[in-house]
Amino acid sequence: MDMLQTIAKLCSLPGVTGDEQAVGEWIRQCFLKYTQDVWQDRYGNVYGRIGEKVGPEILVMAHMDEIGLMVTGIEENGMLRMMPVGGVDPRVLPGSEVLVLGEKPLPGVIGAIPPHLTKGKTGAAYRIEDLICDVGYPVEQVRAWVHEGDYITFAPKPPLSLKNGYVSSKTLDDRSLVAVMMECMERLQRRKLQCSVVFCASVQEERSGLGGALGAYSVHPDMAIAIDVCHGPTPGVKPFETTPMDKVLLTRGSNIHEKLFAMLEDAAKEQNIETDVEAVMGHTGTDAWLMQIQRGGIPCGLVSPPLRYMHTSVETIRMETLHNCAKVLSGMIGSIDEKWEEALCLDD
Amino acid sequence: MFEAMLKKVLQAFGPSGNEGKVASVLAEEIRPYCDEVYTDALGNLIAHKRGTSGKKLMLSAHMDQIGFIVVDIDENGFLRIGNVGGILPSLSVAREVVFENGVHGVIYFETPETRDAKAVASLPNMYVDIGCATREEAEQKVQVGDMCVFVSNFVDLGSRMASGAMDNRVCCAILVEAMKQLSSPHDVYVVFTVQEEVGLRGSGAAAYAIEPDLNINLDVTLTGDTPKMPAMSVALGKGPAIKMMDSSVIVPQCVRKFMIDCAEQAGIPFQREVLRAGGTDTAAVQRTRSGVLAGCISIPSRYVHTPAEVVDRTDVEQAVELLRAMAASKELPGA
Amino acid sequence: MLRRLSEAMGVSGSEKEIRRILRELAAPYGETWTDAMGNLYVHKAGEGKKVMVCAHMDEVGMLVKGILDDGLLAYTSAGIDSRVCVSKRVVVGAGKIPGVIGAKAIHLQKREDLQKAIPHDELFVDIGAESREDAMKYVKVGDPICFDTQFSYFGDGMMKGKALDDRLGCAVVLELLKRDYDCDFYAVFTVQEEVGARGAEAAAYRVQPDLALILEGTTANDMPEAESHQQVTEVGKGPAISMMDNGTIVNPQLFRAMKQMAEQQNIPHQVRRGTNGRTDAGVIHKACAGALAIGLSVPCRYIHGPVSVASMADFENTVKLADAFLQARKYEEVKKNV
Chain L
101 MDMLQTIAKL CSLPGVTGDE QAVGEWIRQC FLKYTQDVWQ DRYGNVYGRI
151 GEKVGPEILV MAHMDEIGLM VTGIEENGML RMMPVGGVDP RVLPGSEVLV
201 LGEKPLPGVI GAIPPHLTKG KTGAAYRIED LICDVGYPVE QVRAWVHEGD
251 YITFAPKPPL SLKNGYVSSK TLDDRSLVAV MMECMERLQR RKLQCSVVFC
301 ASVQEERSGL GGALGAYSVH PDMAIAIDVC HGPTPGVKPF ETTPMDKVLL
351 TRGSNIHEKL FAMLEDAAKE QNIETDVEAV MGHTGTDAWL MQIQRGGIPC
401 GLVSPPLRYM HTSVETIRME TLHNCAKVLS GMIGSIDEKW EEALCLDD
Chain Z
643 MFEAMLKKVL QAFGPSGNEG KVASVLAEEI RPYCDEVYTD ALGNLIAHKR
693 GTSGKKLMLS AHMDQIGFIV VDIDENGFLR IGNVGGILPS LSVAREVVFE
743 NGVHGVIYFE TPETRDAKAV ASLPNMYVDI GCATREEAEQ KVQVGDMCVF
793 VSNFVDLGSR MASGAMDNRV CCAILVEAMK QLSSPHDVYV VFTVQEEVGL
843 RGSGAAAYAI EPDLNINLDV TLTGDTPKMP AMSVALGKGP AIKMMDSSVI
893 VPQCVRKFMI DCAEQAGIPF QREVLRAGGT DTAAVQRTRS GVLAGCISIP
943 SRYVHTPAEV VDRTDVEQAV ELLRAMAASK ELPGA
Chain D
91 MLRRLSEAMG VSGSEKEIRR ILRELAAPYG ETWTDAMGNL YVHKAGEGKK
141 VMVCAHMDEV GMLVKGILDD GLLAYTSAGI DSRVCVSKRV VVGAGKIPGV
191 IGAKAIHLQK REDLQKAIPH DELFVDIGAE SREDAMKYVK VGDPICFDTQ
241 FSYFGDGMMK GKALDDRLGC AVVLELLKRD YDCDFYAVFT VQEEVGARGA
291 EAAAYRVQPD LALILEGTTA NDMPEAESHQ QVTEVGKGPA ISMMDNGTIV
341 NPQLFRAMKQ MAEQQNIPHQ VRRGTNGRTD AGVIHKACAG ALAIGLSVPC
391 RYIHGPVSVA SMADFENTVK LADAFLQARK YEEVKKNV
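Chains as they are written, first to last, in the numbering used here: chain L, 101 to 448; chain Z, 643 to 977; chain D, 91 to 428.
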């Protein structure tokens, strides 16, 4: 698998939270290259199972949904009012090119109502109420093609290759980790496993975490690992809030099973992969949060590559670190043996 | 319209967690149209009408209303209160409230300097005056832990009507009326849920037990058709709204399509609703077990969470029609 | 026993030490096991309703967030007011490395600095390490940190110590385990209550009780200047019966049954006069197909800090009331409306 090409394709497909069908269908096709045991659930999670029907079942999850916007109303002049879906910073929107996914996809531009018409002063941050989406058609035509509830996504562009294997694109959060799942499948296919592994591209992580909750409930795995991006260094951020771009981040804290963390750390050490550790007291802000409390409690782990400028159209990541994430995961899964239950036991 | 029944349902006492009275009224109204009526551990009222398709359709609406709970009684007989659900403190001042046992009171607030309720009223400095001079006297009438709700009249505004508790008793009444009229190939479970106003607490448990193939919830939504309201396309009188998204939930595409198709085929006008703030039981149902398909019909309503919630009669009647159309559909989404 | 429970370490997510102690104390009374999140269950099989009595074993605390070049430890925390952290002794990690949380000397602060609370991210734990490398010999990022407070009795029938929320609840549950009730009895010591009642979510799914009785240590604001309705509870006035909090509205019949029980037995008691806060009851009552749940609490002053204060009599009366309630199967008086 060529990871860059896979990421390019994944990031080009629309899949705003709650409407992941297009990207889900492509992922389903990809999973079929590695296993015939592929299925989808009612809310669109895509699953693919590999490995043996012995030993424990491990659920690996990366979310496929992306942040975006939704049409809330159509003005008399045909311009669209919007509301964010997921954690969109309205300040990054003005001047953005978007795609309105109505009955017919329409390119659009996000504009701001001039400051003198709104209560805000020049220099104040734009609020979503101050912004409109202009699709360039008269109102009658807009009304025929676009309705309240239709999604708007950032216009896809091919990823931009920067120096040193850095890549920039929209939606690297978390599609680049969907590609990591595929690399894992490829790596593990060649190995004799003592467990089965379900890979899941989940829906709705950016809002409610619905996909993570339903995925963990329906698969009911013996352990679950979320893979999601963390923050790379950006100027002005306090110490210990970010991770160097060349390190794989492993998380510790109440959301993470202490022993599963140790297994992941061992897998990294064995392969000489540099890691960083983050301590999170409560919510990790990932699918691990709701997976952990399904079905009477599921041991959870979290593996993350650092990413800069999260939730913008220029999210930036380092390719080598993505490969290292795949190596840590497949190393850990490959090392699972019949002693797994003892290894996870909290009584000692 | 079913105004007499609606009025009865509107007047029944039922703040979150104390829905016994309203459940009794609803049980009596709906019993003739179904095979069994029962409540679960949380107090959700469930009315079941058998079908033949082997599929289960759950129709739901919360029956609780917002109110206040007495947290302390001071030596001069004033009742200190906490909110039950999304109370707007400044709009509660000088309002009349009533307890389950019929004791009435009025709400006011500590007034050290100003009488501008908007500036100073907040729950910790508000109280209920039930006309008692001492703690002992007050305790004869009301105990710490008792709840009260706004007293409100039914106001006939012609094609529209106003009352407190329209949220969500109007939807309870719609469900009763729909159950009276509908015929469905499916097992229909009408669920009047508890404790929606305090965080969508009842519906999940009901859905867990029923395991429906589809849930259609009914609740009120806000409108953008009053002076200076923030842009929102929903208006009174343009038909029931089909929910696309609110801050708690996204309705899946297959459910949206099912609801819109049903409305269009039956020639029922409808609106598409995207609500910026506010949640509904649908969210808790979607999350049940390995996921239940769920959508929501919203009744456009002005002045929600005040004693003067306004809805349009045509929207209400058309919501009944829409429910009938959906219940009659042989195919449910997601099959 | 109270001393052991209070002094044990058990920051949310790192409950190993307190769980070991609880298991040792509870094992004689029933079948015990631990689930994947670390909840400890004790089952005394019986006929009748499934009753789950629970208390959370975790305490508010901190985690090592990072190590500075000079060997000081930065920390992250949940549920602790930074104003109570300065000038305290702590222990770090399973090895209980001693440390202190200090602050810039008063002489080095500007007059205006003295007006401001020092936030957590300007406070550090000093274990005496001389450099980052040195510190890494003793601690790792993610290790738990908790206050180092010795438990003691003081005043007139009072006790002081850390983590009385909710080790007092754990102690009540241990007392109840010694007695026999006419039901299928589960005692559960839950984890991660302080980060969102996470353990209880899993425990409720596993047990699926008919009734849950939650034993807590709750806020007592019986302080000067606090009016009656702001106090929530008062120390010395008996167990606090919950009617409503941010996570639960108690079934009114169940609430009345608990009050009646206390009155019949002449056990001092109070109603928890406030609706803020949340407990394990919030997630337990709405798990699966739903359950009845009610909380009973020992009033504690200064909870979520390094040292809280409670009354021995309140603790004993909480045991008495919970015991009487279960003995009389008062929960069976709750009838359905329809």
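Accuracy of the hints is not assured; some may be wrong.
Derived contacts from chain Z toward chain L, CB cut-off under 8 Å, selection only [as the list claims (entries may be wrong)]: (1) 892; (2) 910; (3) 914; (4) 976.
Lysine to aspartate or glutamate pairs mimicking EDC-like chemistry, simulated, CA-CA at most 20 Å apart [said to hold, decoys possible]: (5) D:426 x Z:798; (6) D:134 x D:265; (7) Z:870 x L:175; (8) D:106 x L:441; (9) L:153 x L:366; (10) Z:650 x Z:771; (11) D:268 x D:413; (12) Z:899 x L:203; (13) D:230 x L:366.
Calculated directly from the structure, the hints in this document are not laboratory data.
Built from N, CA and C at the ideal position, the CB exists for glycine as well.
Status of the hints after comparison with the structure:
Checking residue 892 of chain Z against chain L by beta carbon gives a least distance of about 3 Å; that is within 8 Å, so the hint holds. A hinted interface residue such as residue 910 of chain Z counts as satisfied when its beta carbon comes closer than 8 Å to some beta carbon of chain L; here the least separation is about 16 Å, so the hint is violated. The restraint placing residue 914 of chain Z at the interface with chain L holds, with a minimum CB-CB distance near 4 Å, inside the 8 Å limit. Interface hint at residue 976 of chain Z: satisfied, since its Cβ lies 5 Å from the closest Cβ of chain L, which is below the 8 Å cut-off.
Proposed proximity of residue 426 of chain D and residue 798 of chain Z is contradicted: the alpha carbons are some 35 Å apart, above 20 Å. Restraint check for residue 134 of chain D and residue 265 of chain D: the C-alpha separation of about 14 Å stays at or below 20 Å, so the hint holds. Simply put, residue 870 of chain Z and residue 175 of chain L have alpha-carbon atoms about 15 Å apart, close enough for the 20 Å limit, and the pair holds. Restraint check: the Cα-Cα separation between residue 106 of chain D and residue 441 of chain L comes to about 18 Å, which is no more than 20 Å; the hinted pair holds.
Taking the CA atoms of residue 153 of chain L and residue 366 of chain L, the gap is near 25 Å; set against the 20 Å cutoff, the hint is violated. Of the pairs offered as hints, the one joining residue 650 of chain Z and residue 771 of chain Z is violated, with about 27 Å between alpha carbons and a cut-off of 20 Å exceeded. Straight-line distance between C-alpha atoms of residue 268 of chain D and residue 413 of chain D comes to about 10 Å, which keeps the hinted pair within the 20 Å bound. For the suggested pair residue 899 of chain Z and residue 203 of chain L, the alpha carbons sit about 13 Å apart, so the restraint of at most 20 Å is met.
Distance check on the hinted pair: residue 230 of chain D and residue 366 of chain L sit about 15 Å apart at the alpha-carbon level, within 20 Å; holds.
Violated hints, listed in ascending order, are 2, 5, 9, 10; each of the other numbered hints is respected by the structure.
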